[in-house]
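Top line first, the protein sequences correspond to chains A and B. So the first sequence is numbered by our numbering: it starts at 229 and just counts up by one. So the second sequence is numbered by our numbering: it starts at 55 and just counts up by one.
Any given hint could be a false lead.
[Claimed, not checked] Here are the computed lysine-lysine pairs in the DSS-like style, where the Cα-Cα straight-line distance is at most 27 Å:
1) K215(B) with K110(B)
2) K555(A) with K527(A)
3) K627(A) with K110(B)
4) K285(A) with K215(B)
5) K165(B) with K79(B)
6) K165(B) with K410(A)
7) K297(A) with K225(B)
8) K201(B) with K627(A)
9) K236(A) with K336(A)
10) K79(B) with K527(A)
11) K306(A) with K225(B)
12) K300(A) with K79(B)
13) K396(A) with K297(A)
14) K627(A) with K86(B)
15) K165(B) with K385(A)
16) K396(A) with K385(A)
17) K527(A) with K554(A)
[Unchecked claim] Here are some chain B residues the structure puts well away from chain A; computed CB gaps all over 10 Å:
18) R125
19) N155
20) V220
21) N226
Keep in mind that the hints were calculated from the coordinates and are not lab data. Note that beta-carbon positions come from the ideal geometry of N, C-alpha and C, so glycine has one too.
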Amino acid sequence: MGKTIAEKIFDAHRVDEPFPDAHVLRLDRVFCHEITTPIAITDLIERGMDRVFDPTKIKAVIDHVTPAKDSKTAEQEKILRDWSRRHGIKDFFDVGRNGVCHAIFPEKGFVRPGFTIIMGDSHTCTHGAFGAFAAGTGTTDLEVGILKGVCAFHFPKTIKMIITGELKPGVYAKDLILFIIKELTVNGATNMVIEFTGPVVDAMSMESRMTLCNMAIEAGGTCGICYPDMTTVDYLWDHIKDEFSSKEDALSEYSKWVSDFDAEYEQIYEFDISDLEPMVTFGYKPDQVKTVAEMHGTKVDQIYIGSCTNGRIEDLRIAASILKDKKISVAVRAIVSPASPDVYGKALKEGIIEIFHEAGFCVTNPTCGACLGMSNGVLADGEVCAATTNRNFNGRMGKGGTVHLMSPATAAATAIAGTITNSNLFKASIGEKK
Amino acid sequence: MKTFSGSVLFLDRSDINTDEIIPAKYLTEITKEALKPFLLEDLFLDGFSTSDLLNKAIIVTRENFGCGSSREHAPWALEVNEINVVVAESFARIFRQNMYNCGMFAIELPKETIDYLFRNYANKKVTISINVDNSAILIESDQASEKIAFKIGEFDKTLVKEGGWVGYADKNY
Ligand code: SF4
């Protein structure tokens, strides 16, 4: 019987199996941000264990609330900053050089195929897009990760998704993952890894694969995983070119991190998505999904483009292509948060920031921002936000607020129309008028 | 060692997420104690009020409890309210692990058993106590008392007995 990629990664990293189905894995990376790490640091200090297992494998960023909005958030940031300096953690990204963790860490080349990664953040599953096993954990697991470089897991079963066909124009990875979550439900993948495979995924950019893997947790999944291929190598090349003589070399090395053809799966789904429409959530659970057409005309108050799901350059390019030479509706306000300084820089150079600005968007610094209602862009009671983020939980963006999850294209079209609108319909109607 | 017995709060809903258990705006707190007044502040459940939490030590609920964010603030908010046991049909992975990592119980029972508990006990004054060694919960009301067995892995049991994962990992790795 062959093995899944997750099984192979477990086998290569297992340091102990103290009890049946308790696998203690060696960690290649421990990622940290200023919300869940400071409390781990404080606890380690209180226990007299203020140590780190390897400062080169720990990466830290301030991203959720940045720049600090009040004394409490300033204190959280200070704890993380002082700790990074104290322990020689060189890859610490402070205000101005910081961005959303799941956007900036891959960009910096910190994620490699076959890696094990934890972070005190549920969307750590994003990094599986590189063929890594990356899982969100709580603060205690993070604490042990920081101290010992290990983490314990039960063995995850794997669900395989084979995605065939071709995405229609105006339909993106976000629409696909919303559709998949609807099929799986919010706990359909609990304690499982979701492998995203098939020609549609093979043809996707790393950005789109990250969008898919990012929302694996919304179906309960431990991690989303894509197989590494030449797209992965191309994305990483600047960071790995000293390790390999050619891209082909890198590819042949990384190719060991794919599942065997006869691997055992909990379930296999095959979807031909050629007829898939743009999708959007309703209600307060991410599996409450309808087509944009069904939700057409739903009133919104705010549009938010950003987050670890859809704040990357590809997302901003798509949104800008729809917003170019247009203004957002006077009935709404709109915010865009490029997910990293690199994304921001590219968007500046390509004139994308100008398009957002001219359209009437508020352009913020790279941050999680409105995504979790902790810093800017908080909703008032009864308000509605069209967002490219990943969670529509009640209260997520502010008490009494409602969030509709959608692609950057749909969000841009919705900003112009002031109500939920299909980007294709919008483009078509503009075209007809001409 | 924590206490694993007391009065029961029944929450008749699935998919109660960590944003409902403790909203993100309180994640700027750097002590567990500060979370105490905000437990389940944003819970969507008809008829529920946070005053229902008073003197409760155990929660019994439905499927997929603790889904969403990885915040360990969710178990901590329970812990500082002296609720060290949640009994449910299923849990989100990270929440479940966080509970055991903190030396608390996230006990899974089959749907039929959970249905039975709701049917027979939800509107009564009920106490539950957990027997770690026998993997059994004892449920008592004015009229009845019964034992229900649950399954728990050796690893999870060890974490509860050792008071959590940090101590165990420090000793062993
Ligand atoms: S963008 Fe949102 S979901 Fe992503 S890490 Fe930040 S707060 Fe979490």
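These are the hints, each one checked on the structure:
1. For the hint pairing K215(B) with K110(B), the CA-to-CA distance comes to about 22 Å; that is within 27 Å, so the pair holds.
2. For the hint linking K555(A) to K527(A), the alpha-carbon distance of about 17 Å falls within 27 Å, and the restraint holds.
3. Taking the CA atoms of K627(A) and K110(B), the gap is about 25 Å. The hint holds against a cut of 27 Å.
4. At roughly 31 Å between alpha-carbon atoms, K285(A) and K215(B) are farther apart than 27 Å, so this suggested pair is violated.
5. For the given pair, K165(B) sits about 33 Å from K79(B) by alpha-carbon distance, which is inconsistent with the 27 Å threshold.
6. With a C-alpha separation of about 22 Å, the suggested pair K165(B) and K410(A) falls inside the 27 Å cut-off, and the hint holds.
7. Restraint check: the Cα-Cα separation between K297(A) and K225(B) comes to about 40 Å, which exceeds 27 Å; the hinted pair is violated.
8. Between K201(B) and K627(A), the direct Cα distance comes to roughly 41 Å. Violation of the 27 Å bound is thereby established for this hinted pair.
9. At roughly 25 Å between alpha-carbon atoms, K236(A) and K336(A) fall within 27 Å of each other, so this suggested pair holds.
10. Between the alpha carbons of K79(B) and K527(A) the distance comes to roughly 26 Å, so the proposed pair stays at or under 27 Å and holds.
11. Taken as a hint, the K306(A) and K225(B) pair is broken in the structure, with Cα atoms around 30 Å apart against an allowance of 27 Å.
12. Restraint check: the Cα-Cα separation between K300(A) and K79(B) comes to about 11 Å, which is no more than 27 Å; the hinted pair holds.
13. Our distance criterion of 27 Å between C-alpha atoms is broken by K396(A) and K297(A), whose separation comes to about 42 Å.
14. A hinted pair counts as satisfied when its Cα atoms are at most 27 Å apart, and K627(A) with K86(B) qualifies at roughly 22 Å.
15. For the hint linking K165(B) to K385(A), the alpha-carbon distance of about 22 Å falls within 27 Å, and the restraint holds.
16. A distance of roughly 32 Å separates the Cα atoms of K396(A) and K385(A); the hinted pair therefore is violated under the 27 Å criterion.
17. This hinted pair checks out: K527(A) and K554(A) have alpha carbons roughly 19 Å apart, not beyond 27 Å.
18. Its beta-carbon lying about 7 Å from the closest one in chain A, R125(B) breaks the requirement of being farther than 10 Å from that chain.
19. Against the 10 Å criterion, N155(B) falls within the reach of chain A, whose nearest CB is about 4 Å from its own CB.
20. For V220(B), the requirement that its beta carbon stay farther than 10 Å from each beta carbon of chain A is not met, with the minimum near 6 Å.
21. With a cut of 10 Å on Cβ distances, N226(B) falls inside the contact zone with chain A, its closest approach being about 7 Å.
In this structure, the earlier hints numbered 4, 5, 7, 8, 11, 13, 16, 18, 19, 20, 21 are contradicted, and the remaining ones agree with it.
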